Amino acid sequence: MIEIKNLQKSFDGIKVLSAISATFERGKTSLVIGESGSGKTVLLKCLLGLHNYDLGEIKFDGINYKNISDKEKMGLKSKIGTVFQGSALFDSMNIEENVMLPLKMFNNYSNDEMLDRVNQVLKRVNLENTNKKMPSEASGGMQKRVAIARAIVNNPKFLFCDEPNSGLDPNTAIIIDNLIKEITDEYKIVTIINSHDMNSVMEIGEKIIFLKEGNKEWEGSKHTIFKTDNESVTNFVYSSNLYKKVREMYIKNS
Amino acid sequence: MIFFHNIGLYFTMLKKMFDKPTKWSVMRQLIIKDTEDTVVNSLGIISFVSFFIGGVITIQMALNMTGSLYPKYLIGFATREIIILEFAPTIISIIMAGKVGSFITSSIGSMRVTEQIDALEVMGVNSINYLVFPKVIAMLLYPFLISVAMFLGMLGGMAACIYGGYSTVDNFITGIQTEFIPFHMTYAFIKTFVFGLIIATVPSFHGYYMKGGALEVGKASTTSFIWTCVCIIILNYILTQILLG
Ligand SMILES: Nc1ncnc2c1ncn2[C@@H]1O[C@H](COP(=O)(O)OP(=O)(O)O)[C@@H](O)[C@H]1O
Ligand SMILES: [Mg+2]
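So the sequences go chain by chain: A and B. So the first sequence is numbered by my numbering: it starts at 1 and just counts up by one. So the second sequence is numbered by my numbering: it starts at 255 and just counts up by one.
Hints listed in this document are in silico derivations from the structure and should not be mistaken for laboratory results. Check each hint, because a few of them may be wrong.
Said to hold, decoys possible - Below are the SDA-like pairs computed for lysine to any residue, each with C-alpha atoms no more than 25 Å apart in a straight line:
#: 1; chain 1: B; residue 1: K277; chain 2: A; residue 2: E96
#: 2; chain 1: B; residue 1: K287; chain 2: A; residue 2: D91
#: 3; chain 1: B; residue 1: K277; chain 2: A; residue 2: R117
#: 4; chain 1: A; residue 1: K133; chain 2: A; residue 2: M105
#: 5; chain 1: B; residue 1: K465; chain 2: B; residue 2: F447
#: 6; chain 1: A; residue 1: K15; chain 2: B; residue 2: I256
#: 7; chain 1: A; residue 1: K252; chain 2: A; residue 2: N215
#: 8; chain 1: B; residue 1: K270; chain 2: A; residue 2: F90
#: 9; chain 1: B; residue 1: K465; chain 2: A; residue 2: I14
#: 10; chain 1: A; residue 1: K133; chain 2: B; residue 2: R282
#: 11; chain 1: B; residue 1: K274; chain 2: A; residue 2: F60
#: 12; chain 1: B; residue 1: K270; chain 2: A; residue 2: K244
Predicted model, so just to flag it, every value in this text is computed and none were measured.
Generate the whole structure from the sequences, applying the supplied hints.
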């Protein structure tokens, strides 16, 4: 479980996150949604320890990582998998080397053991026999899957994905979403996904947190998001005509 | 203010480079790759430039020493002094600041922009050690590159001398050997060593701490080239004053 309490972050005096509190449970895909610029990435990077936050508390399974030794920090890092927005694959390494790097960094396995594990996760994301391809030779959807494979190669207990399906066609986007959901169920991971995509919300939004200008405006799930009368949420959700129609039908039926 | 902040940040970066070293099995590959990218891949252009500039230096020396007042061997002598003292260590370093420096800034900068540096950090890697340290180690081979530049510069000078008929081979070689002061080599290699460290670290700094997107990567490369040159020129003056003054 990840608990965030009263988290605040500003850059050069400009507040980007104000007093965010939330909990994210194990085995569930939790979504953080909001317009671009609402602070999703900054929140994620605070969780990852890439940004120092000004105030508040973050606990991973009850442990506040600000107060632990470097060795324990390494231990925590080895349990976190991250999929960055643009995949962030290393350009100079092929797919196999990309997926292998976290294994190398956190363990002392032999080369064969590492290769086995790499092939195992590449198979899990349906990317067999692409080991020697360079990231630049892979399509956007493939790159995302490699990034997911790299994130789960160390059997993480926490998985963070920053807009994992941005820039993908709707079909591929849903495949990626479902892959993350399956992995979350399978390995009982605490998964937090940043998204601004309504399809993701409807597919995998077991828990949803809505951010607006750095404030947590609303919290719910894919089951409650259509019922809410919070104006910011409805403006975000029903920004497209398709979802306006969906809502009309939804109201008619119920 | 920002200027002093950046100087502080630069030295902090140098210190962090030695914190929490990357596993040797990974670091070894990085060093090999960076040596290839920086030193080995510069051999061609450095050889080409040195040979022809060496030739030009000789021709200009010869044209300025017409008349019977000067012994012919002075052409070789002057060529040697110019190449060892200034051309090879300093001018080649400026060229390297353009070639290698902008490569370093843009490669690290694009890793920053595409969150690859963040990806390293979450894998428990000290990204400064991972990215900058192997470049510094690679540039320890830089004096080798400068030796090649010195040799080819003088060879180019000799070739131009013979081809243009300015003096005989014997005269030129006598000139090259005249009044050789070994300390001048020491001076040249101390400069080379310092410039090598500058070429590895200043561009790394500009790439690592850049903000923004692809456009800013290009801007950072330009800024990095300017600052690398400024550092080289100023240190060149200071070192010359200290060592030869
Ligand atoms: N490193 C930074 N320095 C200054 N401001 C930043 C930085 N990173 C993000 N911001 C600002 O924080 C706000 C939230 O950004 P972000 O979390 O990236 O939004 P998104 O929800 O699209 O991921 C934006 O206004 C952005 O300009
Ligand atoms: Mg974002």
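Do the hints match the structure? See the list:
1. K277/B to E96/A: holds (19 Å)
2. K287/B to D91/A: holds (13 Å)
3. K277/B to R117/A: holds (20 Å)
4. K133/A to M105/A: Distance of about 22 Å is within 25 Å: holds.
5. K465/B to F447/B: violated (30 Å)
6. K15/A to I256/B: holds (22 Å)
7. K252/A to N215/A: violated (32 Å)
8. K270/B to F90/A: holds (22 Å)
9. K465/B to I14/A: This hinted pair holds, its Cα atoms lying about 17 Å apart.
10. K133/A to R282/B: holds (23 Å)
11. K274/B to F60/A: Since the Cα atoms of K274/B and F60/A sit roughly 24 Å apart, the hinted pair holds (cutoff 25 Å).
12. K270/B to K244/A: violated (53 Å)
Hints 5, 7 and 12, counting from the list given before, are not met by this structure.
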